[in-house]
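So the protein sequences, as listed, match chains A and B.
Residue 84 in the working numbering is what sits at position 84 of the first sequence, and the numbering runs on without skipping anything.
Residue 343 in the working numbering is what sits at position 200 of the second sequence, and the numbering runs on without skipping anything.
There could be a bad hint or two in this list.
Derived SDA-like pairs: lysine to any residue, alpha-carbon spacing no greater than 20 Å straight-line [as the list claims (entries may be wrong)]:
no., chain 1, residue 1, chain 2, residue 2
1, B, 530, A, 136
2, B, 535, A, 39
3, B, 537, A, 38
4, B, 521, A, 39
5, B, 559, A, 12
No lab work stands behind these hints, which were simulated from the structure alone.
Computed from a predicted model, the values in this text were never measured in an experiment.
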Amino acid sequence: MAVNQLSIFVENKEGKLVTITDSIANANVDIRAMSVADTQDFGIFRLIVTDPQKAKSALESSGCFVSITKVVGISIPDEPGSLAKIVNILARHNINIEYMYAFITVSKKYASVVLRVADNDLAEQILVENGVRLLEEKDIVNM
Amino acid sequence: MQKKYFHPEIETMPVEEIKKIQDQKLVKQVRYVYDNVKYYRDLMDEKGVTPEDIKSTDDLYKLPFLKKDDLREAYPYGLLATDLHNCVRIQSTSGTTGKRVVAFYTQNDVDLWEDCCARALTAAGADNKDVCQVCYGYGLFTGGAGLHGGSHKVGCLTLPMSSGNTDRQIQFMMDLDSTILCCTPSYAAYIGETLREKGYKPEDNKLKAGIFGAEPWTEEMRRDIEKSLGIKAYDIYGLTEISGPGVAFECEEQSGMHINEDHFLAEIIDPETGEVLPLGSKGELVFTSLDKEAFPLLRYRTRDICILTREKCSCGRTLLKMTKPLGRSDDMMIIRGVNVFPSQIEAVLLNNGYAPNYQIIVDRVNNTDTFDINVEMKDEDFSDSPKGITAKEKDLQNAMKAMLGINPKIHLVAPKSIARSEGKAVRVIDNRKRLGINI
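If we strip away everything but chain B, and leave its shape as in the complex, we get (with noise of 0.2 Å):
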């Protein structure tokens, strides 16, 4: 009989016992920690919270946070809380935003990493008579190896694809009657546009339910995705310094992940602040795992923000539910009206193949806000004619449109023309500040 949950003890475990669960972990991963990172122990000394501060989860307001800077500050070892020897695995994040961040797993932190991605593909209807076509990327990315573990561990089927070569993906799909896809949301539109190019029709695939992440993503890209694949499509969250996707996962209601709260707890912070905000309140999502042992991050700052939900879900399962990320909390930019932030943009230029190097220039001109990007071109977009090129921007201006809701102007320019700066570079040149309009 298909599985509903793949851990249903913790998954509709009443409230009060995950709570009890987790306290009982922090109080002994603050101490771990405390013993084994000089960083954090600093840190904890620095705000003067001693591991005896800490008795339970209502007690966690009083740690320090941690931030990518940390991260960056620790590479490669400061934050590394056991001895290597007793480490299997690095990942690492993409490092799109500047200086990679590597994260260390134990073999348990791998088998906790995988049993969170189990749950979720239980959660969108896998059990051991699926064939699972993994297509996020193997390697550092942590996509592809989490859902590969995850898929192991429900007993399907697995096929190891890795991203790209669209044709193969779809020969195997096709030869060897994939039922569940995992990839990002925007590689899965791309399939189910290339397979109605060819021909197809979204009945004459075997698949029928996709778990995609790893980027934002709309809900008109869900329900795109949905009709192409004639698909459920579920999203999933996670992020490296945490374990990897599966922190947490969509049930089939499809509103909202439900968390993974037995190892990873969740707050809700503003993002100006640091306070802690109640449930439903909208704000910087912070994680603090609780049974990680090579990279036991407490209190870490994501910048995603989002509301945090406790509500009885129609699945039956307890754990707390995120919303979709609404963005990241240090630049949003509000453009004719629509959030616009520069990680979506990031995300629609990487899934095109070009580099994460752009800028965003917003003006006001007859009280109309303009929306510029400039995005250098890849070697292999300029010959001797200005066709391929305007035809490359209109294509990338399509992408924006899908994942942003408005349509920026794209200008392609000569590589490397975009200034790099150390540090922190400056992608956004909003002019309507410099009018001193109020945005």
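Looking at chain A on its own, in the form it has when it is part of the complex (with noise of 0.2 Å):
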């Protein structure tokens, strides 16, 4: 089921992101969610968008360094404990989360996470299992 996420290696330097956010709004490609992970050195740039090969490729062509991440998305009510409900879930069955953001929708009744798991599968099934409805690829496109 598993969403795709982009991560592009960005250098420290000047102008390393505009080259980023150029060749996806060239490409035509709407970008839904973002999250940087950084060092002293570089930082990891981690979009989620409507057409991930189409921005990959865009990327590639002006000499960006980008590998696509399956990571496990998940749509929540958007109210108070509504992640915590999540986050104890995974807990529970001793499931680590690398890392995480979230992103709201013009809908505003839900809210929609990013999660970064060990195992994409076991996480998924756990969660559809306590009632959790996941993202898909189409998902993302119609938001």
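The task is to assemble the complex, starting from two chains supplied on their own in separate frames and drawing on the hints.
Put into structure tokens, the structure is as follows:
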């Protein structure tokens, strides 16, 4: 089921981010969510986009170093305690979250959460068993 | 009985007699090259030297040098001295520093080369009761072919493993009781480490000696390898241009390598002026091959900096000795008081599976040298998390520290992001020069 995330290597140098955002814009791909992991030397720019393959090709042709990572995407009610519930489910099943980030879409009733775990299939199975709705690629496009 | 020398009469020959042989061979070889290699004939004509001017090795200095650039310019057949139909083999350099260089061999050339490797193996204690595991790469690289041939000549049971697949190397080593190991020193260190991780003690294997070369290594690495494998580690020197491994080899004294000078005439020159320096001086090593038929290079500048000595060796060999190369003539840096050569950095990168595309940045901050190396990461090094990358940087940094003795800061950068220029790449950016610091 998992959702595709673009991971882009960004050296901490002037203009690097411009190249990335420009190539995605020129490819006419919409960015749904983003997060950045950074160190002193470089950052990793993580994106959920409407067309990961198209964005990847566009980025690569402008010289960017990109990989596609499978991540778990879920849709949860946008209300207090909602995220806590998810985190508790995963903790109970000893699933570590390497990183996560969330975004809200125009509907405002639901929030989307992207989770990076070691075993996507296992995490998805447990979440589904607990009544959590998973996101698919088409959900990302139709948001 | 265990043979001490492969060719006792040559290896222990009185120095005057070796010189006599060299004198005769050189006169003949210069005539042969002049008649058959237009490229070198032109160089001699340009310098105004004729074959008649070379009456003994004392006249060697009159001959023009050959440099790596000449080999590239003459690529592929320009320095070939015989009809291709007489050749049976091609080998090639690794091509890490530019265009590849190819060398040709007749059957006699191959035999001579393998004999040199057999001398090295015998000096390391090998005989027909040994199982010789060759894990140098087989193929264009001379490492595998050279030691393989030498092992046959000695009569060892030869295990032609080639490089890589460490689990299989270890399985064969343990199951088939390998006694001699031939590979690069960094791979020997890696095998030792893997054995330890698998729970083996140094005495669990049957290895007694190893012949390690093809890259720079330190005495510290030697001690580590000897300890982890429970063996005696021997150095070997060679270059494809001259034949391959076995141009010089270490004996049990482990204090420099004996040059097979009945085949290869060695000189030390000042790399700046080209002037020949006396024995004991530090300078650039130059080789003249005395017997080669297909690819007979005269006065080939190796760019390796070393010292030649002729002292009585406890092993009984009279052959000239060379120190381990102390670096390359064209690119030594002094960082925090330590001599650092890009060739060492290249070796570490290659051994760790990285492309030798890197940039060294040296600077001085608060009166201390900073030393950074940018290295292009491998595709598989990158996923979505910085953790993996920083761990790889740390691994590479440790490998560099082991080789260089000082700690660089490694920065993994995106593949193909380091500029590739035509010709000689700018590998070193020394900002201390810009600051006008005398280094």
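Hints, one by one, checked against the model:
1. Pair hint residue 530 of chain B plus residue 136 of chain A does not hold up; C-alpha atoms about 27 Å apart against a cutoff of 20 Å.
2. Among the hinted pairs, residue 535 of chain B with residue 39 of chain A is consistent with the structure: their alpha-carbon atoms are about 14 Å apart, no more than 20 Å.
3. The hinted pair formed by residue 537 of chain B and residue 38 of chain A meets the criterion: a straight-line CA distance of about 17 Å does not exceed 20 Å.
4. For the hint pairing residue 521 of chain B with residue 39 of chain A, the CA-to-CA distance comes to about 19 Å; that is within 20 Å, so the pair holds.
5. A threshold of 20 Å between alpha carbons decides the hint, and for residue 559 of chain B with residue 12 of chain A the separation of about 17 Å falls inside it, so the pair holds.
Checked against the numbered hints given earlier, the structure breaks only hint 1 and satisfies all the rest.
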